[in-house]
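Participant: So the chains spell out like this:
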Amino acid sequence: MSASENVAIPATIPQAVPVRRGMPAWQVALVVLGGLVVAIAPAFVLESFPLFQLTMAVIMGLAVLGLNMVTGFNGQISLGHGAFFALGAYATAILMSHLDWSFWATLPVSAAVCGLVGYGIGFPALRLGGLYLALTTFSLAVAVPQILKHKSIEDWTGGVQGLFLVKPDAPAWMPGGLSADQWMYFVAIGVSGVCFLLCWNLIRGRIGRALMATRDHPTAAEAMGMDTATLKTRAFAVSAMVTGIAGSLSAVAVEFVAPDSFSLMVSITLFVGMVVGGVASILGSLFGGLFVLFVPNIAEAISKAAPGVIYGILLIAFLFILPDGFAGLLRRIAARLRGRG
Amino acid sequence: MDGFAHQIIAGIATGGIYASVALALVMIYQATHHVNFAQGEMATLSTFIAWSMVEAGIPYWLAFLGTVVVSFIIGVLVERLLMRPVQNAPVLTHVGVFIGLLLIVGNMTGWIFGYTTKVFPSPFASSGPLMGGLVSAHELGSTAVTLVVLILVFLFFRYTSLGLAMRAAAYNPRSARLVGIRVGWMLALGWGLAAAIGAVAGMMVAPVVFLDPTMMTGILLYAFAGALIGGIDNPLGAVIGGFAVGVLENLAGAYVVGTELKLTVALAIIIGVLVVRPSGLLGRVVTSRV
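Residue numbers (full-length UniProt numbering), protein chains in the order written: chain A, 1 to 341; chain B, 1 to 290.
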């Protein structure tokens, strides 16, 4: 179909394409360099608490990215990603505090555990369409603190008291004597950066298109020869893995894990972050992370209950007014600017 | 053995509460094909409204009636203002609105009424334990209330023209509209009824668990499980399922997993039912054309 259109109106098609693809190499380099400067500068500009907050925002952004992989791109609604966040955090905390592993060594283990569990949960999820999956994962999120507190695993999890751990110090080869907070920030943006790149790569390729096709029209996708069941379970695994890595990062950044910090609210926060940042948007996940970290802080100044209320109002407002979130808003602004220029 | 009997009867009593919340969930599902995640929070808000009426000196049953009416209006308003604009949006949007509603209602309740636990009165005089100490008057009374509500719902759907119209609107909106049923209002009515039933459930549960803004979270989960066991589209099934879950929860709590994992039991039931028999015991098996 498009081929015949190409023949019929050859002048219009080539015009539209080069605008995006034809960015010269020096421009790409400039954007990348600018991005790096923006990413690195805060470590040397900010005081330690704001820097910690920014670290957490990046980590939350990564967790939202995980949720986005399965809910945004694959259309399986999960309200229970707090469970994977908790799993990752606990995997790292247990390995670090009981077995004295270094943080870096715990990352692959935590990723593997979360990926496996996510894969396992992906199977019942296959049978549950839309609302039912949301419902099941919702109950998973509610049950998480209880499971973590249970007596049979208390020796490992530390029960209600939780576990304390210590941030890794900056390695000796790093110049300039970085503080632990600065180093933690670099670890967070480094790990998140790699995950964002990998996810972006996954989404823009064949698998990403298959995931979205499965979301948009499962029957058609199947008819085209896609193995939708495999795609869905693997999407769940990848998603759980990414969110679990974010959980690991948060455990060391906060230096503490406890059952009550993984309540239903974590899962809801991730969901809000995804909707506000932009459903099915890689970059939007980062906006989502910034949003869920900084907005509640501002709102908390008003009242203890205010963050929840403001979350709720903004969530509904976004769904009504900007269903594609911040990322969609930026995209629209960019499109308008390009159209004018 | 006596202990076992007691566990079962106590299970039936708590099951009555799950049954009424499950009934509210099924109401909304029947009318709109939605599962309202905010049902628990809405019921809690209703209970707080009842509490402030009782505190203000209004007699219990008058406050009860007033709360049911106010909750009905809240339910209708929520449907009109929040659900209607996104009627044709994808499921993700609906889930988002439910979660937003849960956050707003839950936190507003805490904001207005505070987070301290309050004692909620029971309308059933505590004349000492009944049936050989197996049940309290309140347990018996709340179970009776649940059954009365169930019968009312059944009669409403089965024998009134409004009930018939609501069923038609849910079953086949297009044909219903063609014969002159105002489908939009039927949905709003469904939400209103569900909110009213939720309010009754809240007022029945509050004397047992004490009143605080988060009292319904666990109960909502059990109600989900109950509704799923019975079949999400069948009111009678929801009530049976609710009772069954109450008994199961009590038995599992007493003999298998202990009280710390009660919510996990609900999770296991939900997953089990959805995987093994998604339509529930009494639900219709739905096949869809592609």
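Honestly, the hints are just simulated from the structure, not real lab data. Keep in mind the model is a prediction, meaning the values are calculated, not measured. Do not rely on the hints blindly, as some may be mistaken.
As the list claims (entries may be wrong) - Straight line, CA to CA, 20 angstroms or less: simulated DMTMM-like cross-link-like pairs of lysine to aspartate or glutamate:
#1 B:262 / A:154
#2 B:118 / B:260
#3 A:304 / A:260
#4 A:304 / B:212
Said to hold, decoys possible - Negatives, chain B to chain A, calculated, CB over 12 angstroms:
#5 8
#6 9
#7 34
#8 61
#9 104
#10 148
#11 175
#12 176
#13 183
#14 207
#15 208
#16 214
#17 220
#18 254
#19 260
To be verified - On the chain B side, residues computed to face chain A include the following (Cβ under 7 angstroms):
#20 54
#21 58
#22 62
#23 73
#24 93
#25 97
#26 103
#27 264
#28 267
#29 268
#30 276
#31 281
#32 282
Even for Gly, the Cβ is constructed at its ideal location relative to N, Cα and C.
Participant: Each hint: holds or not?
Facilitator: Outcome of the hint check:
1. B:262 / A:154: holds (17 angstroms)
2. B:118 / B:260: violated (23 angstroms)
3. A:304 / A:260: Satisfied, since the Cα-Cα distance of roughly 17 angstroms is no more than 20 angstroms.
4. A:304 / B:212: Status holds; Cα separation ~15 angstroms.
5. 8: Residue 8 of chain B is indeed farther than 12 angstroms from all Cβ atoms of chain A, at 24 angstroms.
6. 9: holds (25 angstroms)
7. 34: Nearest chain A Cβ is 7 angstroms from residue 34 of chain B, so the label is violated.
8. 61: holds (31 angstroms)
9. 104: Violated, because the least Cβ-Cβ distance between residue 104 of chain B and chain A comes to about 4 angstroms, which does not exceed 12 angstroms.
10. 148: holds (28 angstroms)
11. 175: holds (24 angstroms)
12. 176: Consistent with the label, residue 176 of chain B stays out of reach of chain A, its closest Cβ about 22 angstroms off (over 12 angstroms).
13. 183: holds (20 angstroms)
14. 207: holds (23 angstroms)
15. 208: holds (19 angstroms)
16. 214: violated (10 angstroms)
17. 220: Since the minimum Cβ distance to chain A is about 8 angstroms, residue 220 of chain B lies within 12 angstroms and the statement is violated.
18. 254: holds (16 angstroms)
19. 260: violated (6 angstroms)
20. 54: Because about 23 angstroms separates residue 54 of chain B from the closest Cβ in chain A, which is outside the 7 angstroms limit, the hint is violated.
21. 58: It is violated, given that the least Cβ distance between residue 58 of chain B and chain A is near 26 angstroms, above 7 angstroms.
22. 62: This interface hint is violated because 30 angstroms lies over the 7 angstroms limit.
23. 73: violated (20 angstroms)
24. 93: Status holds, d = 5 angstroms.
25. 97: Nearest chain A Cβ about 6 angstroms off; hint holds.
26. 103: Holds, because the Cβ-Cβ distance from residue 103 of chain B to chain A comes to roughly 3 angstroms (cut-off 7 angstroms).
27. 264: holds (5 angstroms)
28. 267: Cβ of residue 267 of chain B sits 5 angstroms from chain A, so the hint holds.
29. 268: violated (9 angstroms)
30. 276: violated (10 angstroms)
31. 281: violated (16 angstroms)
32. 282: violated (17 angstroms)
Violation of the numbered hints given earlier is confined to hints 2, 7, 9, 16, 17, 19, 20, 21, 22, 23, 29, 30, 31, 32; the remaining hints are satisfied by the structure.
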